[in-house]
Amino acid sequence: MRDVAVIGVGCTEFGEHWGTSFRDLFVKAGALALEDAGVTGERIDALYVGNMSAGRFVEQEHIGALIADYAGLATNNTPSTRVEAACASGGLAFRQAVIAVASGMEDIVVAAGVEKMTDVGTGASVDMLASAADREWEGFAGATFPGLYAMIANDYMHRYPLTREQLAQVAVKNHENGAKNPIAQFRNRITVDTVLNSSLVADPLRLFDCSPITDGAAAVVVVPLERAREFTDSPVRVLASAQASDTIALHDRRDISTLDASVAAGKRAFAQARLTHKDIDMLEVHDCFTIAEICAIEDLGFCKKGEAGRLTADGATALDGEIPVNTSGGLKACGHPVGATGIKQIYEIVSQLRGEAAGRQVDAEIGMAHNVGGTGATVVVHILGA
Amino acid sequence: MSVSRFWRKIPQRYNLVGTQCTTCGRHFFPPRSLCPDCRRSGNIVDHKYTGEGTVVTYTVIRSASDQFEHTTPYALAVVELDEGPRLTTQIACPIEDVAIGMRVKSVFRRVAADGESGTIHYGTKFVPVE
Chain A
7 MRDVAVIGVG CTEFGEHWGT SFRDLFVKAG ALALEDAGVT GERIDALYVG NMSAGRFVEQ
67 EHIGALIADY AGLATNNTPS TRVEAACASG GLAFRQAVIA VASGMEDIVV AAGVEKMTDV
127 GTGASVDMLA SAADREWEGF AGATFPGLYA MIANDYMHRY PLTREQLAQV AVKNHENGAK
187 NPIAQFRNRI TVDTVLNSSL VADPLRLFDC SPITDGAAAV VVVPLERARE FTDSPVRVLA
247 SAQASDTIAL HDRRDISTLD ASVAAGKRAF AQARLTHKDI DMLEVHDCFT IAEICAIEDL
307 GFCKKGEAGR LTADGATALD GEIPVNTSGG LKACGHPVGA TGIKQIYEIV SQLRGEAAGR
367 QVDAEIGMAH NVGGTGATVV VHILGA
Chain B
2 MSVSRFWRKI PQRYNLVGTQ CTTCGRHFFP PRSLCPDCRR SGNIVDHKYT GEGTVVTYTV
62 IRSASDQFEH TTPYALAVVE LDEGPRLTTQ IACPIEDVAI GMRVKSVFRR VAADGESGTI
122 HYGTKFVPVE
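Quick note, the sequences are listed as chains A and B, same order.
Quick note on numbering: the first sequence equals residues 7 to 392 in our numbering.
Quick note on numbering: the second sequence equals residues 2 to 131 in our numbering.
I should point out that these hints are in silico values taken from the structure, not numbers from a laboratory.
Since the structure is predicted, the reported quantities are computational estimates derived from the model, not experimental observations.
In this text, a Cβ means the ideal position worked out from N, Cα and C, and glycines have one as well.
A portion of the hints provided could be inaccurate.
[To be verified] Going by beta-carbon spacing under 10 angstroms, a handful of chain B positions derived as facing chain A:
id, residue
1, T55
2, Y75
3, T125
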């Protein structure tokens, strides 16, 4: 196995891009990544594209070929593969690119993620996102995605001392970070009262506990570490790439409030990188809902079960805290174009490790990305090091 | 949901017919055709559940997909059947009455419909045990 490095990253602004199509979003992110890497398109050996549901959001399948075509690579016949694991599609596309390079099969590989969500109405969008869970036995009963995470929140709050205010603080902190991120969908600061006064979506989760519906794309370029210096003076190493699965339905989990796939993927990643929690300087976790960030911090082992709410309220996960979490603003404030989110996490960590995060810069040499599909049926964890 | 997709699970949706592995005794609802513990040495048979259970966790859905929007707010829960399996279901009672640990039993109800002229999806909901 070869060591792998990221040599370039690119990301569109996240938001409601009424004037930009699915393919144009991707092309923009891809061009930014190639420019950053100093690589021309014809040198790319393969593309891996994370996308959850173009088939339903824009009624387009065969995404791999479409992307290669509009990236100008059809005449090169560059292989291009779509990767899907619901909201973890981006993280999984990155992992496939890393595996391709590590194996020796391919040398210069682009991992990308893209989702165009605003071409359908909110009701249709809610329905599509519910297909990340068990359509036959959760969706049939009327489960929505916020509803499933709300059931995690109620179970958690029944068993552990998490207050409604502590939960709101996750969103407050992520908006604070998003306000400093030029690509974030929401760059406004909010207060705990903003969250507590917003409308209920699924009790106890309110509108400001939920990540938004977003258009966006992100892309990164990976190469063998031994070749990275040909392209850049500041390669970022991939120290671990781990993935785990769990039951598709929330009701079949061993423990409603613990994502066992997060626990497993986290442990595998730490073992691969031969690192401990103390070595991690920053985290990008999958906060599709505020409760998800609480669970992620705990399930990855950064504190005991039941403690993440207090840690958040104490400021330990803020930009100037012991372990900054979601410096990008997370899914909550930066936005959540589902297939692109996992790649945006890599983009954010690389930006931080290279010292290019401007107003939200933290002191970091090693960062961890945590990307969840569904309510935890797929989890992908990566560790990157400067 | 297409007519055939709904129709093929009518016994399961109407009458809580799940499965059981006779090799290890484990019960499954929603039904499984492969026992995760015994795998190929398992032997799966149908099993009709009594329909009594306990609320493990719940929420009140205020914003739903188009198919369910006209029924909001409604209570959604994970219920643990007395035989062991857990399922996701609506609790048909005033939303403020639902609580973790509440005893419930299954009832036959209309769940959703495919538009105004499409198939009506009947199925199981749960109500509090008096």
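Hints, verified against the model:
1. T55: It is violated, given that the least Cβ distance between B/T55 and chain A is near 13 angstroms, above 10 angstroms.
2. Y75: Given a least distance of 6 angstroms, the restraint on B/Y75 holds.
3. T125: holds, 9 angstroms
In this structure, only the earlier hint numbered 1 is contradicted, and the remaining ones agree with it.
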